[in-house]
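K.L.:
Sequence:
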Amino acid sequence: MTQKLQEIFTQFLENKPIFAQRAALTISFTPETIPHREKQIADLGRILAPALRGGKPSNVFIYGRTGTGKSLVSLFVCSELKKAAKGNDIKPIYINCKMKKVADTEYRLLAGLLKELGEDVPFTGLPTDQLYQTLFKKVDEKEQVVLLIIDEIDALVAKTGDEILYNLTRANSELKKAKLALIGITNDLGFIERLDPRIKSSLSEEELLFPPYNAVQLQDILRQRASLAFVPGVLEDGVIEKAAALAAQEHGDARRALDLLRVAGELAERAAEAKVTIKHVDAAQDKIDQDRVLEIVKSQARQSQAVLWAIIQATEGKKAVESGHVFDAYNKICIAHGLKPLTQRRVSDLIAELDLFGIINTKVISRGRGGRTRLISTNLSSLTLTKLKNTLMEIFI
DNA sequence: AGGTATTCACATGAAACTATTCTCTGAGTTAGG
DNA sequence: TAACTCAGAGAATAGTTTCATGTGAATACCTGT
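Numbers in our numbering are just positions in the first sequence, counted from 1, shifted up by 15.
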């Protein structure tokens, strides 16, 4: 066993390295320049500039789809701003509301904020308004401008309502020395329209839109990162173009593009090949898809997994099945595994949910006297499907 | 033939119920003064 | 005595069920040629 492992390690060391700095292809990496976002950077800079003189910058609302550089740009501008502020105190705080257990409730958000400010609060037990008091007090301790970047702000509001935002936006009237500016980030374009008008007007004093990257822009980004990440010359011609093209189809998602390139590199490295080829990019696309699907499936509730298992069993050898058949199969599975079967109504919702995750495809059709159904089909590559089957089988032994 | 009504097999909505998780209070405990 | 801990009440939430209503087109059934 150990011998085998040692062999793997020596083998690894013998291979020509592919990565010079793999981290350059991850989301947490902050490059020195951000291509094709010059306008947004300048705009945000102008909006936040008053902070340099200790004034309160306008609240900003940033939207754009995933992987369009919203978080990156806001963090970048804020850190530059901090550098530029010599005498004045500027304190950027970044909070991501999508992260479970970090900031997905009002209490946790506030607790997280206080922690950033160096004030430890028990993770449960205190009344929320007391937290607000502590927060305001802490912020107001000295003359400073706090820039609160709330990422995925729509997730927060969806879970906890918009009261938090209201409380935070009116914080400034309670602060004497310090100033608090909010930077809300979301990829839900309709989000702001659904907000309470009072909050809407104060939160979006300024708005910034981040358009998706096109394939050419993605290529630029990839080239910049690839030159840092890879050993020169390991990328075959066309690899970057291919990765950019694939990501451009996914509404210009730069994160996706970087992932593709990174995974392609990893696959080449693991296969001990000297060059990263287009083949690897294709394989990477498949693998990312696979990982995503498996990740989602594993995190689903048992009932939802049972429904998916039923769908897969029912589709076996067919293009598509009707929801009625799936429900039958689901009931059998429940009996076989001692699960309490849910009602058809609920199963219908679970199916719709799986559709939303992109694991299955559904289409409501009417068959005249044959009634109305959902036609359900899986749209996964055969490799992914096999893996998925194995995963589900493990769950339902 | 052309038009209307019926019917099927679920989809989709709303309300009600339930179990779990959060929030908050107050009593008990601890540690420092 | 202030600060902390913890149990339990009550509120909020998420997950489901129950009941009700909606849907689109194949088919059955008319109706007048």
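To be clear, the hints were calculated from the coordinates, so they are not data collected in a lab. On a predicted model such as this, the values are computed, not experimentally measured, just so you know. Take these hints with a grain of salt, some might be off.
Pairs of lysine to aspartate or glutamate residues, derived as EDC-like cross-links and limited to a Cα-Cα distance of at most 16 Å, are as follows [what the hints assert, rightly or not]: (1) Lys191 <-> Glu156; (2) Lys71 <-> Asp104; (3) Lys106 <-> Glu158; (4) Lys71 <-> Glu251; (5) Lys71 <-> Glu158; (6) Lys71 <-> Glu189; (7) Lys290 <-> Glu251.
K.L.:
Taking the hints in turn, state whether each one holds.
P.N.:
Hint check results:
{"no.": "1", "hint": "Lys191 <-> Glu156", "verdict": "9 Å, holds"}
{"no.": "2", "hint": "Lys71 <-> Asp104", "verdict": "12 Å, holds"}
{"no.": "3", "hint": "Lys106 <-> Glu158", "verdict": "11 Å, holds"}
{"no.": "4", "hint": "Lys71 <-> Glu251", "verdict": "50 Å, violated"}
{"no.": "5", "hint": "Lys71 <-> Glu158", "verdict": "11 Å, holds"}
{"no.": "6", "hint": "Lys71 <-> Glu189", "verdict": "14 Å, holds"}
{"no.": "7", "hint": "Lys290 <-> Glu251", "verdict": "6 Å, holds"}
Hint 4 from the list above is the single one not met by this structure.
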